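There are 2 protein chains.
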Amino acid sequence: MVVCVDLGGSKVLMAVAMAEGQFLRRLKFPTQSEKGPEDILDRIAAGVQEMLKAGAETADRIVGIGVATPGPLSFPDTVVWDSPNLGWNRVNIKEEMKARLGWEPLVEKDTNMAVLGEYYFGQMQRCQNLLYITVSTGIGGGIMLGGQLYRGQNGGAGEIGHMVVASGGRICGCGRQGCLEAQASGTAIAQMAKELGQEGKGQGMFSGLGTVGAKEVGEAARRGDREARTIVAQVVDYLGIALGNLVNIFNPEKIVLGGAVSLGWEDLLLEPLRERVKAEVFPLNARDLQIEVTRLGEDVVLYGCIAEVGRRKTEGGKRKAEDGRSCIRVDSTNFF
Amino acid sequence: MVVCVDLGGSKVLMAVAMAEGQFLRRLKFPTQSEKGPEDILDRIAAGVQEMLKAGAETADRIVGIGVATPGPLSFPDTVVWDSPNLGWNRVNIKEEMKARLGWEPLVEKDTNMAVLGEYYFGQMQRCQNLLYITVSTGIGGGIMLGGQLYRGQNGGAGEIGHMVVASGGRICGCGRQGCLEAQASGTAIAQMAKELGQEGKGQGMFSGLGTVGAKEVGEAARRGDREARTIVAQVVDYLGIALGNLVNIFNPEKIVLGGAVSLGWEDLLLEPLRERVKAEVFPLNARDLQIEVTRLGEDVVLYGCIAEVGRRKTEGGKRKAEDGRSCIRVDSTNFF
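Chain order of the listed sequences is W and Y.
Numbered according to numbering that gives the first Met the number 0, the first sequence spans residues 0 to 335.
Numbered according to numbering that gives the first Met the number 0, the second sequence spans residues 0 to 335.
Careful: at least some of the hints might be erroneous.
[As the list claims (entries may be wrong)] For each label pair, taking beta carbons as the anchor points, the in silico distance ranges come out as: (1) Gly167(W) with Gln202(Y): 49 to 57 Å; (2) Lys52(Y) with Glu270(W): 54 to 62 Å; (3) Glu265(Y) with Glu270(W): 28 to 36 Å.
[Stated by the list, open to error] Among chain W residues calculated to face chain Y with C-beta under 8 Å, some are: (4) Pro36; (5) Pro75; (6) Thr77; (7) Trp80; (8) Trp102; (9) Gly146; (10) Tyr149; (11) Glu158; (12) Val164; (13) Asn250; (14) Leu283.
[Unchecked claim] Pulled a few chain Y residues facing chain W out of the computed Cβ check, cut under 7 Å: (15) Gln21; (16) Leu105; (17) Asn250.
Think of the hints as simulated: they come from the structure by calculation, not from any bench.
Owing to the predicted nature of the structure, the values given are computational and were not obtained by experimental measurement.
Note that CB positions come from ideal geometry on N, CA and C, so glycine has one too.
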């Protein structure tokens, strides 16, 4: 069994799972990152203890703990560096968790865990050249090339949300202007809706009380609201530019989209994105390309924790390239 | 000895070289791609025969022929697909050359050969995560990750010139709008100068007769010409966006710039680009980053041919990961 922790900017998902992928127990609570790293890490440690006490499993049946955190995360020392989503600087999660639980967890960037989850448990498994892109509060990516996770020189690879897609565009949390994250994330969508509201427009999106986010904008767009549809079109535009760039640069076999916006807007985004990317990139790069939304939903990161903890145990920490050259389609979530 | 062929959009460079990197004989002639693939390939084959006849070497001392061509080039079947720079569609260079010379050459995309040249013969060798970017008539890239050439699913990886850096910008040869190649290549620089001329401006760049290209713009900028400096600033801007994107996405250890514009404008581009990229990307991604201009000049692609033909002979076609984790600085071009 594996303990999985998906520490996100807004919520923490935790689970105890069988190495084959069945979840036995789950926990979910808000991150409240403003309380600082000590507080969150204490609550995660308490959550682990709680999950283990709640069942028949004892600590010796747990093969490992996998913790996914927002980036930037340095590698191989797995220290969180200046994370805009957590507001943390230089937190060594591995040591902090070990001090609290007595076990050293396997720590990996959340988007890296997600691409591993997709690679081992997704609908099309073992795709050799696979990009996972999360479109949620922020935008990030996980990269598998030749069947291997690619982390870059210091662990910083995959920050595809910080690719400029709109020169002279919105100021991003990272300091650049017009980053994909500043133009097409859940936060950007909410901001666009808010700006319309301030201009006295966008009434079709403000059907209820409270703040308007991607959910409300999507619903209004489905009802045919023109302003909401304009926001959706802009998001397709920016994501289309970004995906087109990535296809020309990486020539991946498959791009998998995840995160709350991709999952909630699949009907609004997926087909327009496929058409747009196919039309824009080099024909050679489009030849085998597939673009999909993950079927693992918001658990994709947890699946990555299961896969990576299990794999490192089995292989004794050795990285091994896969033999297959193409994706394997599976009808249901597979054991590995 | 190795026969090297760098088939470019405007010129063909050929050489006979020792596997250790010394050039024994050279040939250079214009591509004249408008004459079609048959004509160019005939002239290349004749050039190979001429170089071999000119010296004491006989065919049996040649271990192989390496041919570098503009992309897109499919892999592993090495067929040129819809190349905008050559105007070719579906030309199988390997078979065409074999039919003419009796030997099957090793065919690789020019930017891939260049990154291999830099990896094996550059000033900082064996950089595990290395991007080579050519800024010339067009803009393209070669990618080495974990000490291995990365070609993507179909051979199409590395088309970094076709990353959008100016939303709503110039129409690119590939059909997209605002691609790096359309905004910052030698062709784009000439176009910007021409447009200024048509508006009756840019007289400082038109000091002589003939067309104005990057060379003339660079010279005018060095003399302090304001309009030329504006063009240079724009090129730095677009290259800065592109390099910043690539650093956030790949977290490379080293980026090497080559091609006529990088070589001719090193004094104008390199420091501003270094500063800009360092200021814009994530601190983790900038930690070990080096940005340099190749010291192999316009021979970088030929060096790649030598390295790759030699390496495949030595290793019997087997790809082997390097052990080193960091670049090795060499004072002069090294043997491998």
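| field | Non-conforming hints, listed in increasing numerical order | value | 1, 3, 4, 5, 6, 8, 9, 15, 16
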